[in-house]
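K.L.:
Note that the protein sequences, when read in sequence, are chains P and X. Each position in the first sequence, counted from 1, maps to that position plus 73 in our numbering. Each position in the second sequence, counted from 1, maps to that position plus 32 in our numbering.
Source of the hints: derived by calculation from the structure; they are not laboratory data. Glycine is no exception: its CB is placed at the ideal position from the N, C-alpha and C atoms. Treat the hints with care, as some may be off.
Listed below are several chain X residues computed to face chain P (Cβ distance under 8 Å; list not exhaustive) [said to hold, decoys possible]:
id, residue
1, His61
2, Asp65
3, Trp208
4, Ile212
5, Glu213
6, Val221
Examples of chain X residues toward chain P, derived with CB under 7 Å [as the list claims (entries may be wrong)]:
id, residue
7, Arg84
8, Val88
9, Gly191
10, Val193
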Amino acid sequence: MRRIVTALAGTVTALVMLFGYHTSTAGSGTTAAVPSAPLTTGNSGSGSSGSSSSSTSGASGGGTQTYTGDTVQTQWGPVQVQIAVTGGEITDVTTLQHPSGNPRDEEINAYALPVLRESALSAQSADFDLVSGATVTSQGYVGSLQSALDQANL
Amino acid sequence: MTGTPAPPVRRSEHRAWVEQLMGMPVSIHLRGDGARSATADARVQAVFDELRAVEVLFSPYRADSQVSAIDRGELSVADAHPLVREVVDLCRTAATLTGGLFDAWRPVRAVRPVRPVEGAAPGTRRFDPTGLVKGWAVQRAADHLGAGLSCDVAVNAGGDVAAKRDPRPDAAAARWRVGIEDPAEPTRVLAVLPLVSGGVATSGTAHRGRHLVDPQDGAAAAALASVTVTGPSLLWADVLATAAFVAGEGALDLVGGVPGYAALVVGLDGGVTQSDDLVRLR
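Just chain P, with the same shape it has in the complex (with noise of 0.2 Å):
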């Protein structure tokens, strides 16, 4: 279960750094690399606060929960994810809040948001413990996830 909510924690942080890479890639050249929210650690395990903190839903039905993170503001915007979790795996990853508004924000969230999506899915049962590749955005995302992973010992 502690990797349950972890990844959430993971999720939450990714999509920070999915839209981050992405500021520093599509401006102007003058706002590289400048955070716009507290980036998390995820969980601290040692109780330290962190920006990012879950909230659960009872069941609805299924042994089906669902983990809503929270609202993370970014330089491009709102960003809240909720995921839903059946039998200790993560079987929904859905977006609450994205950027939104202009054209460049939904091309970021027609690439993005699906990679998001099945990285979480599919980074559920990872046996690795870090990402090596070339693509920051979902590398940005699969390793935060996975850090978060690493803190829960799974």
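Chain P is fixed; fit chain X onto it per the hints.
P.N.:
Leaving out everything else, chain X in the frame of chain P:
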């Protein structure tokens, strides 16, 4: 994420932190008895601070960085910060090591499009050590973490990984399992590379457009899908991965010529070649 009840069994000590630095997600991972100490927290934050300071010195995107000042001709290398001088020396070594395939002094048309190039004369070279700074800074971060903590450490900066094993002589050598991303399907991992100490770097163009260029002519390199290099230092693994990607067909030979380093090369057709069966493919 603080509302989780403690699990009934003792967890082994794994912790991780993530921050957005140098335009990419940077995660620090600690494993071992020392991972949960107050020293670990302080050391991790110090290393993140150090990386932020590196960014201030080296970012080509910041007009106030020393690299930008050198590029504009307003600052000489001799007058620059000692770390900048160190990196300039390393850039020269890297150019020699790779036969010019890695070169921080790039032709103008090779410079990233987000950087202004107006006023530059044809044939002008611009100073952009970004391709070396990342590996250097991340290896340095891992070294600094590893020197002060009784645990295994790994730092992953946008897909390039540096690891240091627990320095205590009686410590068990835990391996980090580094998944190598499939360039054709970034949610998939091609292979898993075990890493105790050292670096793993991947260069490629997947989903980012062609961002690697041949420093000789500024043309985009496009003969391979990705090159992953591993060896004792992320600094050189990263430099070699960049150069090998540019080298194309000569990628394995280039990396094989440097003692201690090995490569996994993915072709545009998805075919994989590697040094001495580096990893077992899935």
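K.L.:
All hints are to be evaluated individually against the structure, with a verdict given for each.
P.N.:
Here is how each hint holds up against the structure:
Interface hint status for His61 of chain X: upheld, as the beta-carbon distance to the closest one in chain P is roughly 6 Å, under 8 Å. With its C-beta approaching chain P no nearer than about 14 Å, Asp65 of chain X sits outside the 8 Å limit, and its interface hint is violated. Annotation: Trp208 of chain X was flagged as interfacial toward chain P, and the flag holds, the nearest CB pair being 5 Å apart, inside 8 Å. With 8 Å as the threshold, the beta carbon of Ile212 of chain X comes within range of chain P, its nearest partner Cβ sitting at about 6 Å, so the hint holds.
Here the hint on Glu213 of chain X is kept, as its CB sits about 3 Å from the closest CB of chain P, short of 8 Å. Annotation: Val221 of chain X was flagged as interfacial toward chain P, and the flag holds, the nearest CB pair being 6 Å apart, inside 8 Å. Restraint check, Arg84 of chain X versus chain P: the minimum CB separation of about 9 Å is more than 7 Å; hint violated. Evaluation of the Val88 of chain X hint against chain P yields a violated restraint, the C-beta minimum of about 10 Å exceeding 7 Å.
Annotation: Gly191 of chain X was flagged as interfacial toward chain P, and the flag holds, the nearest CB pair being 4 Å apart, inside 7 Å. Here the hint on Val193 of chain X is kept, as its CB sits about 5 Å from the closest CB of chain P, short of 7 Å.
The earlier numbered hints that this structure contradicts are 2, 7 and 8.
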